[in-house]
Amino acid sequence: MNRISRSITTIYRTESLIARRRLAVIQNQTILMALAGVLAMIGLVFLNLCFYFILSGLVSPTWAACILAILNLILTLVLAITAAKLNVEREIAPVVEVRDMAIADLEVEMQDLGSDVRQIVGSLKNIPTDPLGSLTTLLVPIITPLLKKKK
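Going by this note's numbering, the first residue of the sequence shown is number 1, and it counts up by one from there.
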């Protein structure tokens, strides 16, 4: 029973760690995107003015505005791709592995518990026909978990 409660506790803790890490990454992505947007707007205003005056001396004002718009779109695309590449899966992989091990351990414990219960029920059914033989088979599944617990 101790292993079952430990497995359930481990599953709960790993799930909460996974959720917290995913939330932290989403928060960081949101903050970075907002900050990138604000800084990009401020910087682009000044860069656009600067490059517009430089380019309008070399080409017509219309072409200068077009070139600047294309450069702005490229910069926006680079920032969006960088933010999209942030990934939480690599960071939480060890926690997911611990959770999966705890779930597997819990499944094994439940199967063992189920077989012990089936054995006890079978022994109880055999008591009217073979009281002494059923007594030993009844006591073994009851004593085994107690001995495991003392270890």
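Honestly, I wouldn't trust all of these hints.
To be verified - Ranges between beta-carbon positions, derived for each pair:
hint	residue 1	residue 2	range
1	Ser5	Leu39	45 to 53 Å
2	Tyr52	Ala84	55 to 63 Å
3	Thr76	Ser5	28 to 36 Å
4	Thr9	Arg90	19 to 27 Å
5	Arg20	Ala83	16 to 24 Å
6	Ile103	Leu47	50 to 58 Å
To be verified - Derived SDA-like pairs: lysine to any residue, alpha-carbon spacing no greater than 25 Å straight-line:
hint	residue 1	residue 2
7	Lys149	Ser115
8	Lys149	Asn48
9	Lys148	Pro128
10	Lys125	Gln111
Keep in mind that the hints were calculated from the coordinates and are not lab data. Ideal placement from N, C-alpha and C gives every residue a C-beta, glycine not left out.
Comparing the hints with the structure gives:
As the Cβ distance of Ser5 to Leu39 is approximately 50 Å, the hint placing it in 45 to 53 Å holds. Look at Tyr52 against Ala84: about 30 Å separates their beta carbons, and that is not inside 55 to 63 Å. Separated by about 52 Å at the C-beta atoms, Thr76 and Ser5 break the suggested range of 28 to 36 Å. Restraint check, Thr9 to Arg90: a C-beta distance of roughly 25 Å satisfies the suggested window 19 to 27 Å.
Checked against the hint of 16 to 24 Å, the pair Arg20 and Ala83 passes, with Cβ atoms roughly 20 Å apart. A C-beta distance of roughly 53 Å is found between Ile103 and Leu47, which places it inside the suggested range of 50 to 58 Å. At roughly 18 Å between alpha-carbon atoms, Lys149 and Ser115 fall within 25 Å of each other, so this suggested pair holds. Proposed proximity of Lys149 and Asn48 is contradicted: the alpha carbons are some 74 Å apart, above 25 Å.
Of the pairs offered as hints, the one joining Lys148 and Pro128 is violated, with about 30 Å between alpha carbons and a cut-off of 25 Å exceeded. Proposed proximity of Lys125 and Gln111 is supported: the alpha carbons are some 21 Å apart, at most 25 Å.
When held up to the earlier numbered hints, the structure conflicts with 2, 3, 8, 9 and fits the remainder.
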